[in-house]
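So the protein lines, in turn, are chains V and Z.
Numbering of the first sequence is given in the numbering used here, commencing with residue 1 and proceeding in unit increments.
Numbering of the second sequence is given in the numbering used here, commencing with residue 83 and proceeding in unit increments.
Don't read these hints as lab results, they were simulated from the structure.
One should not assume that every hint holds.
Claimed, not checked - Derived DEER-like restraints, expressed as beta-carbon distance ranges:
(1) Z:Glu89 - V:Thr20: 33 to 41 Å
(2) V:Ala56 - Z:Leu408: 39 to 47 Å
(3) V:Thr20 - Z:Gly431: 38 to 46 Å
(4) V:Gly33 - Z:Leu267: 49 to 57 Å
(5) V:Thr20 - Z:Ala319: 49 to 57 Å
(6) V:Gly33 - Z:Ala258: 55 to 63 Å
(7) V:Met1 - Z:Trp402: 53 to 61 Å
(8) V:Ala69 - Z:Asn178: 16 to 24 Å
(9) V:Ala69 - Z:Thr203: 30 to 38 Å
(10) Z:Asn178 - V:Pro23: 16 to 24 Å
As the list claims (entries may be wrong) - Partial chain V-side listing against chain Z, Cβ under 10 Å, derived:
(11) Ala56
(12) Asp58
(13) Glu61
Said to hold, decoys possible - Which stretches of chain Z does chain V cover? Using the computed rule of at least three CB atoms under 8 Å from a CB of chain V, they are:
(14) 83–89
(15) 174–182
(16) 195–209
Where is the CB? At the ideal position from N, CA and C, for every residue including glycine.
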Amino acid sequence: MTREETSERLRDILARTLGTSPPDPETDLVASGALDSLALVELLVAVEQEFSIMFAPDELEIERFRSLAALAELVDSHEAPT
Amino acid sequence: MSIRPLEREDVGAVARLHAEAQPQPAPGATDRLASFFERTLVDSPWADGEVPSLVATDGDSIVGFLGSYVRHMELEGRPVRLACSAHLLTAREVRNQALGALLLRAYLAGPQDVTITDGATREVQLMWERFGGSTAHLQGLVWVEPIRPAALGVHRLAHRVGSRALETALTPVAAALDVPARPILRERSPAVFEVHPADAAAFTAAVGELAQAFALRPAYDAAYLEWLFGQLRRLAAEAPVFPDRVTRGTLEVGVVSASGRTAGAFVCQIRRRGACRVLAAISAEADAPALLAAIRARAEAGRAAAIFGRVEPHLLPALWERRTLLRYGGGRMLVRSTDKELERAPALGRALLTRLDGEWW
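Chain V on its own, in the form it takes in the complex (with noise of 0.2 Å):
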């Protein structure tokens, strides 16, 4: 999958979840308001479920999940050949 395609996967989960898609990749979700508790928790769980991912303990940093982009980042990490 290329980035392009996580990202749109990605725009949508946070369309769903957060009721928001940010207008540019690197928009700051926490700073902006729409990243509390409640909303990472329903952002985690969906994009674990969308990508059939689990998320590790010392992956769970919130600089991860502040941005579109670097969301797509964590979550091609996981989806990258080894």
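Mind docking chain Z on chain V? Use the hints.
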């Protein structure tokens, strides 16, 4: 910001974080909290390096915390590692950064068999359920058995305003007010029983026998309970560690026998003119009437004004017969396990999980 296990050197910073979250931290509370966290999270005989407490850090600063209390249980003979999550908090300056959710998610991903929390807020409940856990609603109820309600009201009022003189002055008035209530509130149970004071070893032996009625049950050892009872005595002796907790009474541990056999076991804290707080009331459902009558007898002997305990499924019919009052305690018991039989056990009444196994402080 990242998440890592709590280390001994962190307890002071964690205590300060906790104190800063309180509107009016009591004088000396931070030192007492640091000592409490070190004793119960780092030095507990059941502290488990594989299921550690977690801190969230921002550079050198600790900005989030989740306490981990591991319990040894068994499910139909199979060892079960239960993790009780507590004290989830984040620093004020990062409160809008979803750190609580990340701490909880990291903790739930640990190697424990089942995770619980005992006094959850609505927000934690929503996160917990979304992460796949469930709520044991019945255990969110508190049962109350008034003995001398006016005396309890005066005790609580005096505690709130911090005046023992007020309590002394109002005690005769409360006693007079309680007289008409005596016939209504007197003990009516016909149960015949004996109460034997128990040490950690005797309590462990009694629970080993009584807990056979439950699929999921604690696997206490006397050394752990000796330590736990020591912590409870220490908390009762010092000023409150947590601002929302009133001073606890004298610890009483007992085994109840009826018709020559062990019928129940209990742990409670009895405060003269105040509350008898039940931390554990263990029996088969059929023996609960004798157990509750025994607790009432000890509460009256200690001059407590009311008894408070968490509703447990095995106590419910006896509580109903005794016409105890039920109120919603505010804190929710949440459970999560990938083994759904394990997760459902508390809600189905198949688990013996008392306050001793959760937030006993």
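Verdict for Thr20 of chain V, Ala319 of chain Z (Cβ pair) under range 49 to 57 Å: Holds - the Cβ-Cβ distance for Thr20 of chain V and Ala319 of chain Z, about 53 Å, lies within 49 to 57 Å.
Coverage of the region 195–209 of chain Z by chain V (three or more Cβ within 8 Å): holds (count 3)
Pairwise beta carbon distance, Met1 of chain V to Trp402 of chain Z, judged against the given window 53 to 61 Å: holds (58 Å)
Outcome for the supplied range 39 to 47 Å, where the beta carbon pair is Ala56 of chain V and Leu408 of chain Z: Given a distance of about 43 Å, which is inside 39 to 47 Å, the answer is holds.
Claimed coverage, the region 83–89 of chain Z by chain V - three or more beta carbons nearer than 8 Å: Holds, because 3 residues of the region 83–89 of chain Z bring their Cβ atoms closer than 8 Å to Cβ atoms of chain V.
Hint status (Cβ of Glu61 of chain V to nearest Cβ of chain Z, threshold 10 Å): holds (5 Å)
Satisfaction of the hinted span 49 to 57 Å by the C-beta atoms belonging to Gly33 of chain V and Leu267 of chain Z: holds (53 Å)
Pro23 of chain V and Asn178 of chain Z - C-beta distance against the hinted 16 to 24 Å: holds (20 Å)
Check of the region 174–182 of chain Z against chain V for coverage (Cβ-Cβ below 8 Å, three residues minimum): holds (count 5)
Hint check for Asn178 of chain Z and Ala69 of chain V - Cβ pair distance inside 16 to 24 Å: holds (21 Å)
Ala69 of chain V paired with Thr203 of chain Z, Cβ distance criterion 30 to 38 Å: holds (33 Å)
Thr20 of chain V paired with Gly431 of chain Z, Cβ distance criterion 38 to 46 Å: holds (44 Å)
This entry satisfies every hint, going by the numbered hints stated previously.
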